[in-house]
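Construct the complete structure from the given sequences, taking the supplied hints into account.
Taken in sequence, the protein lines are chains X and F.
The numbering of the first sequence is our numbering, which starts it at 1 and goes up by one.
The numbering of the second sequence is our numbering, which starts it at 1001 and goes up by one.
Some clues are possibly wrong.
Cut-off 30 Å, straight-line C-alpha distance, at most; resulting in silico cross-link-like pairs (BS3-like, lysine-lysine) [stated by the list, open to error]:
#, chain 1, residue 1, chain 2, residue 2
1, X, K200, F, K1097
2, F, K1013, X, K200
3, X, K143, F, K1085
4, F, K1013, X, K158
5, F, K1097, X, K137
6, X, K410, X, K431
7, X, K153, F, K1013
8, X, K111, F, K1071
9, X, K143, F, K1142
10, X, K143, F, K1013
11, F, K1071, X, K79
12, X, K203, X, K111
I should point out that these hints are in silico values taken from the structure, not numbers from a laboratory.
Each chain, written out:
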Amino acid sequence: MAESLEEDYTYSGDDDDDDDDADPNDYYGDECMEEDQEPVDEREPDPEYFEYKCLTVSEAKTFLQRQVEELCSKLKVDKRSALVLLMSHGWLIAELENRTEQDISNLLIEKGVLARHVPQAKRSVCGTSCSVCLQRKPRDEMKALLCSHFFCKDCWCKQFEVLINNGIASDLQCMAIDCHIGAPEDFVLSFLHVETIRKKYDKFIFRDYIKSHYNLRFCPGTDCTMVAQADKPQSKRVDCSKCKTSFCFNCCGAYHAPTDCETVKKWLMKCADDSETANYISANTKDCPKCHACIEKNGGCNHMQCSRCKHDFCWVCMGDWKFHGTEYYECSRYKEKPDIVNECAQVKAREALKKYLFYHGRWENHARSLELEAVTLGNINKRIQEKVMKNEGTWIDWQYLLDAAALLAKCRYSLQYTYPYAYYLESGPRKKLFEYQQAQLEAEIENLSWKIERAEKYQRGDLQNQMNVAEKRRQTLFKDFFPT
Amino acid sequence: MSTSAGLPRRILKETQRLMAEPVAGISAIPAEDNARYFHVEITGPKDSPFEGGIFKLELFLPEEYPMAAPKVRFVTKIYHPNIDKLGRICLDILKDKWSPALQIRTVLLSIQALLSAPNPDDPLANDVAEQWKVNELAAINKVLTVLDMI
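Have a look at this one:
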C-alpha cells in the first residue's frame, strides 16, 4: 500500500529524491527524472551515488561458483585449487589469470593445496595405530590427506568439530606437526555426521569466502544474511534491501559521509574511550600545579593540599598558598598573566579536551535530535491518520509531511557525521569553508525541524521549499568535501 | 586408579610415559585429585641465563585435548621476553600452531628450548623484550636478580 502511494507521489512530478528505498534502480530512476527536469545537475554527479546489488545467500553462492568456474577454465586447474587461489587474492581473477604455470603451482604449494614433495607411503599406513589417540585401529579407518599423514576417522572428526566450533573452517589443515596441507571441503564433510556441525561448517566456509572477497560485504544488520555487491568497492552508502540497515560498503560500519572510514573509526574509538570520563574530569577537576595530579574538590575550602605531592595551593588562582596568605585575598585581584597555569603542559591537554568536548557535544546532540525526531515522525503519522479520518484531505495529500520528516532525518544524519570530519580537519581556509557550509546546513536543518514540528502553521509550499533548501545545502557540502 | 576413570587413553599413555621415561631437566607429575592437571618443574638449561634455576609451571589438559592445546603457565616468577608477569607464555605451538600430534612432552621441551633461546622479536612482555634487544647483558643480570642468584 505504502509503496504504491509513494510511486503515485513520484509521478506527481516532485523532484525531491527521497531515497529511503534500497533498490538501486530507484536511484537510477531518480537520476533520470532529474536529468529531465534539471539538466544542470547532470554535470556534477551526485557524490553519494553508488551502484550496488543486494544478494541473497544463494545468489551470492551462485556468483562465487561462477567465479570459481571462470578461473578453472582460465588456468586449467581444478575447483579446489581455483577456490584457494581466489581466496588468497581477494577473488580478483585479473590478478591470477596472467600468472605463469610455475607461479601458480608455487602458489598452490604455499597455500597447502599441493604437496611440495610427492610423499612416500609412511610407516603409519602399514601400522594401525593412530598417533593422536594412540589407539590401534583397523586399517580402513585410517585416513590421510595427500600428504599421507594417516590418522583415524574418530580423531579427524573430533579435530574438525573442535576447530569448527572455534570458528575455523576454510583453513582446516592436516593434523601432523608442521604440515600445512589444507583439508578440502569434501574431505572435511566426510567426517562430519552431526547436522548442526555440518551447518556450522557450511556457514563459516561461506563467511570466509565473503570476508576474503574484494567486492562482497555482509550486511551488518542484526541476523541479516544479505550480501552487498558493488562493482567498485568504495566507502559509499548501501541500504540493505531486506533489513533496511544502511551502512558504508567499505568498512561495514554505520554510514558516515562526509567523514571517511579511517577518521570515523578514530572518532568512534575516541568517543568510546573517554567521552564521559573526560567530561567529568573537565567539569569537576583541576590539576595540581606542581605534580599535575588530577584533583577533585570535595569541600568548600579553597586552600588545597595535593594528596600526592603535598603541595599547598589556592583552588581559585592556582597559585602557591605560601605566597597567598601574605596579602589578604590576593587572588581576587585580576592579574595580567596567571602564568603558573598557562605554562604547564596540562593546559594544552585541557585545551585539546575542550576541543574534543565541543565536537563531541554537537555530535551527541544531533544523535539525540535524530531520536527525538523519530518520535515526531510517529506523531506526524498519528496526525495524518486523524486528518484523514476527519476527511481533511486524503492520505496522499499529507504524504509530503512524511517525506519532509525522512529528509530531515537524512540531513541531520549527515550533519551529525560532519562533526568528526571537522574535528580532524586541520585549520586553514578549507576548514573555514567547511565550517561555513556546515553552519549553513545546520541553520537550514533547524528551520526545517521547526517547520515540521509546527506543520499546521506552514503552507505545504513553504515546507517543500525549506526541504529543497536543506537538501541543496547538504549536497553542496558533499560535493565539496565528500570524494566521488 | 579411580581418578583416571573415563580419561582418554591418550592422556593415560602420555602420563605413563612421562613417569617411566622422564625428559632430562623436566618433571611433570599429575595432581592427585585431577589427572588433567600437572605440576611441572623445568630446570634452567645449561649455558643459558636461566642455568641453575628451577622453574615451577602448571599444565592443564582441557576437555578437547589433544584437539586443543594444553594450557601452560609459569608459576615461578621469571624475567623473559616471551613470558609475562602472570607467567603466560607466548609460544606458537600453544596457540595457532598447535597440532594434535604434539604431546605434553614436546610442549615442555619447546618451553625448555624457549629458555635457551629467548625470542625478543615476538615479545609478550614488551619492556623485557626491549631491554633484551638494547642491552642483553643487563637483561641477563636482571634474570639473575629475579632468580636471587646475585
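Tested hints:
1. As the CA atoms of K200 (chain X) and K1097 (chain F) are separated by approximately 23 Å, the hinted pair is consistent with the 30 Å bound.
2. With a C-alpha separation of about 33 Å, the suggested pairing of K1013 (chain F) with K200 (chain X) is violated against the 30 Å cut-off.
3. With a C-alpha separation of about 43 Å, the suggested pair K143 (chain X) and K1085 (chain F) falls outside the 30 Å cut-off, and the hint is violated.
4. For the hint pairing K1013 (chain F) with K158 (chain X), the CA-to-CA distance comes to about 19 Å; that is within 30 Å, so the pair holds.
5. At most 30 Å may separate the alpha-carbon atoms for a hinted pair to count; K1097 (chain F) and K137 (chain X) meet this at roughly 27 Å.
6. A distance of roughly 23 Å separates the Cα atoms of K410 (chain X) and K431 (chain X); the hinted pair therefore holds under the 30 Å criterion.
7. With a C-alpha separation of about 20 Å, the suggested pairing of K153 (chain X) with K1013 (chain F) holds against the 30 Å cut-off.
8. A distance of roughly 29 Å separates the Cα atoms of K111 (chain X) and K1071 (chain F); the hinted pair therefore holds under the 30 Å criterion.
9. Restraint check for K143 (chain X) and K1142 (chain F): the C-alpha separation of about 51 Å exceeds 30 Å, so the hint is violated.
10. Proximity of K143 (chain X) to K1013 (chain F) is assessed by CA-CA distance (about 23 Å); at most 30 Å being required, the pair is judged to hold.
11. For the given pair, K1071 (chain F) sits about 39 Å from K79 (chain X) by alpha-carbon distance, which is inconsistent with the 30 Å threshold.
12. Proximity of K203 (chain X) to K111 (chain X) is assessed by CA-CA distance (about 22 Å); at most 30 Å being required, the pair is judged to hold.
Hint violations for this structure: numbers 2, 3, 9, 11, all remaining hints satisfied.
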